[in-house]
Amino acid sequence: MMLAIQIILIVVLTPLVGGLLAGFDRIISARVQGRKGPPLLQPFYDVLKLLQKENIQVNKTYKFYVYVSLLFIILTAVIMLIGGDILLAIFVLTLGAIFFVFGGYASQSPYSIIGAERELLQMMAYEPMVLITAAGLYMVSKTFFIGEIIARDVPAIVYLPAVFIGFVYILTFKLRKSPFDLSLGHHAHQELVQGISTEYSGTELAVIEITHWYETIISLVFVYIFFVTSNPISHVFAIIACIVVYLFEIILDNSTVRVKWQLALKSAWIVTGVLSIMNLMILSFFKF
Amino acid sequence: MNFNTKSPWILHYDGTSCNGCDIEVLACLTPLYDVERFGVINTGNPRHADILLITGSVNDQSIPVVKQLYEQMADPKVVVAVGICATSGGLFTDCYNVVGGVDKVLPVDVYVPGCAARPQAIIDGVVKALAILDEKQNAMKK
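Residue numbers (my numbering), protein chains in the order written: chain A, 1 to 288; chain B, 1 to 142.
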């Protein structure tokens, strides 16, 4: 019964916090550019507007994938926030992302197909690091369960500083921020019309937006895991760390331009590969 | 309650404009005017847009494009003609290669005159378009 209430709270509160973060992001971005920016609740206005719009359908199947993607992303959020298996969460998260790519291919527009191809490239770039993060957390705590990983005396960041930096590097892909927003940008960023979401309008575009809110929170939960210990005070530090990382991503988004896919892929593999392998090797020599 | 007045997404299309009005449209997005305060986003994708801003008069080449853009937008949608060329053809009305204002092709809701239209006038036109957008949304509900 407690678990059911917990799951309902996660499903309801996660997009609310994610939407507020998106609004915060837009205000900070505007201030960085010397503008006033939209109201904090603007992302919610956008989604509510999209829900009221006409339902255009370009073919029979393409809308289905967006809902499946949302379902898997919600499942990931639930697994992670009730302290479940991090490996399972990563695989379900990937499945959600893959269904989003299917949606891009299924809508048949040349723009969305190019967007889908770029999304696949991005997944190639960030997916190894996400798995290495799970492996690193396992090496430190000898368990894949988030509930047990965070119940230790020393935070994981002490043993895995380089893995954490590598994870922040690929977080830029996951949060769809410059310089790695190849497939689908936010704000006024455009690339090839609107990437995967080109053919989506109305309700489905709102679903894509809500999926992204969940994904933002999931990405920040990874950051959170690095900082939390059995000590209750550590949760405050972890939240501050999440805010700092998110602010860093916003400033990075506003101060860089989008790179070519070759550079995105190569730099992601080289940076994350070198950092994480070094970190894990040192860890295996000295500690375990 | 209708939320489209709080988040109007704009698609900007240049019919045959001299780019004077286009520069003024983009000037609305800069820090001085900052239309994002009202939730305005310049989308570049007709499927996501609520307001179609057209600058310049239309000719035989741009008529199919303008029509297609309008058809691809989801209801409720409004058309704003920016600049004197878009409202009536302006200086080029009698040219052999110009059909005339945008209203020869699409049902225009708001006319913003000027050569080039000032950013203040464009913002005023968009705000007037929002009221029409709201009416159309109410009509859709019935």
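Since the hints were derived computationally from the structure, they do not count as laboratory data.
Ideal placement from N, C-alpha and C gives every residue a C-beta, glycine not left out.
Careful: at least some of the hints might be erroneous.
Which residues of chain A face chain B? A partial, calculated answer using Cβ under 10 Å [as the list claims (entries may be wrong)]: (1) 30; (2) 43; (3) 44; (4) 48; (5) 148.
### Task
Could you work out which earlier hints the structure fails to respect and list their numbers in ascending sequence?
Those not satisfied come down to hint 5.
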